[in-house]
Every structure is written in structure tokens, then in C-alpha cells.
Amino acid sequence: MGIAETYTRGRQFAVTRPGSVLLALVGVVLLFDLLAGLATGQHSFSGVGSLVWDGLMRGLVVGLAGIGLSMTYSILNFANFAHGDYITAGAFSGWATTYLVAGLGRADVGALLLVGAGGSVFGGSLGIGVTGTPLAVLAGILVSGVVTVGLALFVDRTAFRPIRDADGITLLITSIGVAFALRYLMQFVFGASVRGTTAQPPAVGLYLVDGFVRIDAHDVALVVVAGALMLAVHLLLQLTKLGKAMRAMADNEDLAQITGIPTERVVRAVWVIGGGLTGVAGYMFILWKGTLGFNDGWLLLLLIFAAVILGGIGSIYGAIVGGLAIGLTASVSVIWIPSAFARAAAFFVMIVLLLVKPEGLFSGRTTA
Amino acid sequence: MSADTERDPPSGDGDVSRKTVPDREGQSLLEVRGLDAGYGDLQILTDVDMDVAGGEYVTIVGPNGAGKSTVMKSIFGLTSHMGGTVTFEGEDITGLRPEEIIHEGIGYVPQNDNVFASLTVRENLEMGAYILDSVPQDALDAVFERFPILEERQSQKAGTMSGGQQQMLAMGRALMLEPSLLLLDEPSAGLAPDFVDDMFDRIDAINDDGTAVLMVEQNAKEALRRCDRGYVLANGRNRYMDDGDVLLNDEQVRKDFLGG
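Chains Y and L, in that order, give the protein sequences. Under my numbering, think of the first position of the first sequence as 147, with each following residue one higher. Under my numbering, think of the first position of the second sequence as 20, with each following residue one higher.
Calculated from the structure, these hints are not laboratory results. Please read these numbers as outputs of a predicted model, since none were measured by experiment. It is possible that some hints are incorrect.
[Stated by the list, open to error] Below, in silico cross-link-like pairs of lysine-lysine (DSS-like), each with a Cα-Cα straight-line distance of 30 Å or less:
(1) L:K240 - L:K274
(2) Y:K503 - L:K176
(3) L:K176 - Y:K387
Build the full structure now, drawing on both the sequences and the hints.
As C-alpha cells, then:
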């Protein structure tokens, strides 16, 4: 391992993978700019720390919501555009439950069930939060999961199963139709207004060099719930018979059938698990950001697709890592560019990374 | 390493004829009668008869496109059924789906993509026993004893193994349910020449332990040498049926199907 050899190998790499080298260069320039900014006091350490923390939280939401999408993609071979509206459905059903449990007796039941449509009830005035009304939040999480499982199974039965053997485009277009139907049904029932859902949660400031990084109770709740669910999915896929069957089916559906794996039952299990995760992700997303509107899931879906594609579509680990990458990019990019371009930056990073590694970060790894 | 197992030809008549049903009625494990089948609207098989007795070793040979693999797939419920019947252990299994047929005691090893590449060796074997409540330890031990390499490589991803090892894994997976009939589609395809003999020895061993084998092989001469009985298929129809070595020594069969 002489210097000459290292040099030759480096040159070879630069010639064969110019994209990677360019990317590394851009990274170095950005890092240098950041360090210079920190040194001159243009950026504060705590400010950057806050952006990173915010990015991690966003990444957890995107990653958690992406698992379901990736699962259905790997087993059913189509990109489900209704996934974003499953997220919204989970959010509305869960928050209606939370409002009901927290506000029963203090406000009109109808207004509570409609999550304060038209400004009839405010989550803040009910004191909703993980510390203020823990039971209401827990009930909301459970209901969001259960309702979304039901929704996913119902839609599969009525819309997707009859065309199971059709090609991916047919399924994809069907799912766009389902997405519109769901979204405007929810707008019709719950109204188009964006409402605040939570009271200000208690927070602690972590001291970082020159200031504080604020971490509130809802950040912590998100970390706990998302972490636990991701771990649970991992264990399910690696250790249980069902999880192995799901991976086998994602790998080779024809062989799965020949082997005697009941493929329709596995599909149903995928909708149950994917739907449950998606609903809970929707609930946690709203808990974390504190507002709820009928477009939330749809808007998040673009980031989820970016994350899932970046991670290598079909891999749940890719979805998690891709989610964190996209979330961090969207947050941290405001160090260098105006915040209006934060989303664009996330997509830009996705495109660039795919140019360098077209198969995604986790392609060829364990899927399901 | 090849202990060539000389087989006594089963008693029966020795002349090559166009008969399609063996003279051993009554002890048949698999009975295919007048099978018409294909893919979609395209008919491949016409009036195919085929029999496998318990513990018998039967090969199907014939030119490319003769419908050899289609016979296997049709038995296993993977084609469009257009006529005729498939009976297994006296029970009509015509038109059943693969996941139902596997319950009857038939194992199938397809030619291509026959392992779950991203699963480990052990997980592949566990999937072979999916329909059982738990992984049958004795069957697993038997597979490991038969293919020691699989035990060594238990936690390796199947897709990273060599072609021959993947073929062993595919057979091992099919043997997890201890089927009474094993369908093998071109088990020697894609193997390095050194390993072909080894693969045939292993199939002999599986058959010696009592599992009936129905095999499609490109390597027709070797397959006929080793089997009990052979079928020659052409254009989706039965052409010849007889004991393996009788077919092997028949001039017409040699000239038309075995390259002289």
C-alpha cells in the first residue's frame, strides 16, 4: 500500500467516477463555507445544531411514513400515490380521537370529532400535548393506526385487488384516482382550513457552545415512537415467519407461490403493517408540527418519494436512511440558500445522488 | 467422486413402441392423461400422457420447444389448463393452484431463479416449509446431511453462492416438505461440466432414498442412462416411452433425438 499505489487508485477512481469526485468537491466547499461562517460568527453553533435537530425530526417523519410506501412497492410492484392521503386519513382520525378524549364535556362533540372545523375548538385551548393530555395522545396514536389499516384494506379490496395482475402504470393511475377521492372527501368532511392542534409543549434547551438547541416534548415523543416502530419492523422482517415470507415475496413472487407461501395473505399483511405505520406516521407528523390541514399528507408525499427513491425503492432501510437524508438536507440547506428553496434542495440532492448511484443507496439489500 | 449407480432396468417389456402408458397400472403415483395445456391462448401440449410410479425415476427428453418444461409447470398448476387430467396418489389435482398442490406432496424445482437471492440459505430452507406450523427439524437435518455445504453456509445470502450451490439449495428447499414426488427442471443447466456428474449423483441419492423423481434434462444421454424410464417429447406430444437404456440404445431415438 505505497503512496504511488494509492495515487494510481485515486486517479483511476477520478477517471471512472467523475461524478463522485465532483460531488465530494462540492461537499468540501460547502463544509469549508460552514466552518468559515462559524469561525467568523456569521453562523452560530447552536443555530446550526437546531437546524440539524430539526432535520433529524423531519427525517424521522419522512422515514417512518416511507416504510409503508416502500413495503407496498416491493411486494405489489407499484408506487401508491394514495399513500400521502393515507397519512392524512391517519392524522384526521387520530386527532379527532385525541380532541374527543381531551375535550369531552368541555366542547361540543361534533366540533371535537371534526377536529375543530371552522375554528369551533382549538387544540391549544384544550391543552393538548404529550405531557398535558397523554391519554388522549395515546388513544389518537392507536386509532390513527387502526383506521388507516382499515382504509388500506378497504381500498385494496375495492380498487387494487381487482387489477392485481395489471401493469404498474395501471395501478399507479388508479392510486392517483384513489388519492384525489380520499383527499377531497376529507376536505368535504373536515374543511379546508389549517388548524393548530397542540398547546405549546414543554421544552429543554441543550447548551451548545454559544447558545441553546431547543428540544421539546413532542420531539422526544417522535423519536421514541418512530424509533420503536422502525425497530419493530426490522425485527418483524428479520425474525418472524411472516417477515421472511414478505422478503421472499419481494424477492421473487413466482417462487414464493411455488414454495407454498400464501401470497394473497402476505399482501393483506403488508397492507395491515404498512397502513398502520403510515397512519401513526401521520399522527406523529401533526403532533410534531402542531398544525393539521387536508393537504398535509399529499405535500409530504413528494418528500417521501424522494426519500424512498434515494434509499433504493423497495428497501425499508433505504426508506429510513433516505428519509433522514432528505429531512436533514431540507433543514440544513438554509445555511447556504434561502429557506424558500429548502424543498428544492432536497430534490436536488436526490437527483445528484441518483446520478452518482442510480440504483439508490440501499438497492440490493434486504428488501420488503 | 462419482459412484456410478448401475440400475437394474425395471422388469417390463423392452421394445420401443409408441405406447404412452406403462404396463404397471395400479401403483401409479402420478397419472397424466390426455393433457392439453399452454400459456394464455397458446396451446403447447397436446394429449400428453405421463406416469410416475412411487419411487420411480423418470426423465423427459426432447428437442428445444418440445414442451418438456411445460409438462412440469402444468402438473404444478402454473399453466392454462385446456383439457385432460392430472391425478396424484389417486386424487384429481387438475387445475389446483401451486400452493394447494404443494400440500399434496409434490415438490418443484424450477430451472431459473429458484432461490430467494436476498434471503440467507437457512431462510430459504425455512420458506420451503412455510406451510407447516414450525420448521421440521428432522427434514432440515436430512437436507443438511445431504448437502453439507448448506449447513456450512447457513447464514450466507443465497444470491452470493455459486450456481451449483444454488441448485442444491433449491433442491433442499423442495425437500423440506419431504415430498413423494420431486419435479426437477434442468438441474444441470448452467453448471460447470465438473459439477454435472456430481449433481446427477445427488439426484440418484435422493431417488434411492425413496423419493420419486420426474426430471427434464438437456443432457439427454446422461439422464436416460441414470433414470428408470424416459419419455421423448416432440412438438408438445408424446413420441416414445420406455426404459431409459432401451431408449438410449434405440436407433431411431438416437438418430432423431440424441444426436446419433
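A quick look at each hint next to the structure:
Among the hinted pairs, K240 of chain L with K274 of chain L is consistent with the structure: their alpha-carbon atoms are about 12 Å apart, no more than 30 Å. Straight-line distance between C-alpha atoms of K503 of chain Y and K176 of chain L comes to about 23 Å, which keeps the hinted pair within the 30 Å bound. Only pairs whose Cα atoms come within 30 Å are accepted, and K176 of chain L paired with K387 of chain Y is accepted, the gap being roughly 17 Å.
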